[in-house]
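Just so you know, the sequences run in chain order A and B.
Under this note's numbering, the first sequence has 44 at position 43, and the numbering climbs by one with no breaks.
Under this note's numbering, the second sequence has 74 at position 73, and the numbering climbs by one with no breaks.
Read the hints as simulated data drawn from the structure, not as lab findings.
Keep in mind that this is a model prediction, so the values were computed, not measured.
Please note that the accuracy of each hint is not assured.
One copy or two, either will do: identical chains are not told apart, so a pair holds if it fits within one copy or between any two.
To be verified - Computed cross-link-like contacts, SDA-like style, restricted to lysine to any residue with a CA-CA straight-line distance of at most 25 angstroms:
1. Lys-262 with Leu-197
2. Lys-262 with His-284
3. Lys-201 with Ser-256
4. Lys-130 with Arg-54
What follows is the residue order along each chain.
Protein chains: 2
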Amino acid sequence: MDNKAAYYSLTGSDPELGAVATGSHIDAIPYSGKYDGVVGVLGALEAINVLKRSGFQPKRSLEVILFTSEEPTRFGISCLGSRLLAGSEALVNGIKESVDDQNTSFFDAAKSAGYVVSEENLSTVILEKGSYFSFLELHIEQGPLLEEEGVSIGIVTAIAAPASIKVEFEGNGGHAGAVLMPERNDAGLAAAELALAVEKHVLETGSMDSVGTVGIIVLHPGAINSIPSKSHIEIDTRDIDEKRRDGIVEKIHQSSIDIAKRRGVKLSEFRIVNQDPPAKCDHLIINALEVAVRQLNLSHKMMISRAYHDSLFMARVSPMGMIFIPCYKGYSHKPEEYASIEDIANGVNVLALTLAQLSLE
Amino acid sequence: MDNKAAYYSLTGSDPELGAVATGSHIDAIPYSGKYDGVVGVLGALEAINVLKRSGFQPKRSLEVILFTSEEPTRFGISCLGSRLLAGSEALVNGIKESVDDQNTSFFDAAKSAGYVVSEENLSTVILEKGSYFSFLELHIEQGPLLEEEGVSIGIVTAIAAPASIKVEFEGNGGHAGAVLMPERNDAGLAAAELALAVEKHVLETGSMDSVGTVGIIVLHPGAINSIPSKSHIEIDTRDIDEKRRDGIVEKIHQSSIDIAKRRGVKLSEFRIVNQDPPAKCDHLIINALEVAVRQLNLSHKMMISRAYHDSLFMARVSPMGMIFIPCYKGYSHKPEEYASIEDIANGVNVLALTLAQLSLE
């Protein structure tokens, strides 16, 4: 069968069997690079085109899925496309009411972009478990290891467990000249302290696999001569080990409470936006990837994905695998992001051969 | 003579004598209140109207000056109107090239608002020293003292010395999941550390009169899953004691260097936007204010202005004085800012009587 999520496909000789899907996302953060996501979308189209041109006849259909809103830029929650495909009624209803900074709801935005098929809800997009035989994603590494070690292909074995948190502090604000220091409860300094506390709690685990980032701090009213009366902080933390990651989240929560108390500001929001488990890649797919890299005579290594991807969510409804290719200095999420034509071609070849194998299972 | 800066006036019987001027500013910060500045503009118009209606004939002309861009919101430098009136050729040429966040130059902005009289430069606005016999400004206190002590009028004796600083850090940025903690040079955390260092250096002076504020922190690219590659911080610090204030500025500079070194980020900008001396109010004006409050039977106190005002710059070209009135809880630079009709009326009456006295000198 052709699945409702498919964007492009090659119909198999037995289209009733679960299809083999591949794809990635087409959206990007502000001031981003041009390879994160897009390589896996154009690569998927090219891999299937190569198989078509070669006259290959799959047994299971091959399908390309093109995700949007993988980046949390607009609604503050990542992987909205794959999260909804793999979602539940509860999740769908929660997301429906989320608003962007222009107060446009996710439902209205999805509708105006043509993604809504029912006026009632978004749950018609949810995929049944087993809708796909397998899902495979090609992606740049977004880290420096493959390039540093001169390895062509990374075969991903697991995706780290991500969490994201929004925090808001509120104080009295006031004039930067007239309000004396002991009278202040500065929401901006509370945010600064919390940002440094996130770093401290991550380093305290003692594990290289723990990371934490404050990518967003917004001060209100945002004038040089005004004490911040409100601050908004967004925090991202991840780990291979889910329990250790949950420990970091708990420490960040405790620090938020302590900072608010000590500075006399109100902790007006502490919201865990998502706190997802890690995902393990499927053995059958890993084996097929190893066969492909051997056939192509490419160097490879097994690795963990510290960044997460639509594959993290697709793993909830389908066996999942990922292919990494090297990128310049590991740069990602900035304009210097780059992957060479040769590395992309290697990734597409591995993808095509792996899709072919899986489509005959 | 009617001065070129005057917006509204009452001509004296001896118009060749230096005029007595009064006024304040009409601009405001984002999400501001409605009293900061505006009370001194509408109050000035009303004070002169009252004198006109009463049939009072001044010897020296009375003039209202209405300043714009007292707040540093658009070009990052405060009191542009009064600063230019009291300015030098060097200052004027420096300001001319300043740009706002849309890259519009100050010169172009001033031109499109009708403030430019010469295509060559802005220096035609500079007032000669002695252009005015005296300058007087009515303003809300922007602090809590008058209200707390139940005093109607504050007679300002001096304005604290302000300085403002812009700082930028640059790091490598990168993906919040993929770049491990030891590989990072996070420009956002450098900003957070500097914000806390500003507070520390201010408290270290041990004086109640030292204040310091970080009202602006901007992180780039500003995405939850991206390590900040750039940060921009704006700092305001003031003190009654100029040397002590300069000591704080120097410590902030040293901390910026130390933080950049320790975190492996580049200190790409450390710019002192302004570092002004304090201003003393004129004895003749203070005496006239004391006579006025006694005539009106109003309680008063002598006080220092910790906030600064256009009067700080007008003091460079004219003897200067300021009248403060109470405001609700000392709130300013936020929507809750408020002054009662009674307190505003008291301020206007003191202003009118003082202008009348000075106009007869």
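Cross-check of the supplied hints:
1. Lys-262 with Leu-197: both (17 angstroms within a copy, 17 angstroms between copies)
2. Lys-262 with His-284: Neither: 49 angstroms inside a copy, 46 angstroms across copies.
3. Lys-201 with Ser-256: Intra 11 angstroms, inter 20 angstroms, cutoff 25 angstroms: intra and inter.
4. Lys-130 with Arg-54: neither (32 angstroms within a copy, 85 angstroms between copies)
Hint compliance for this structure: hints 2 and 4 are broken, all remaining hints hold.
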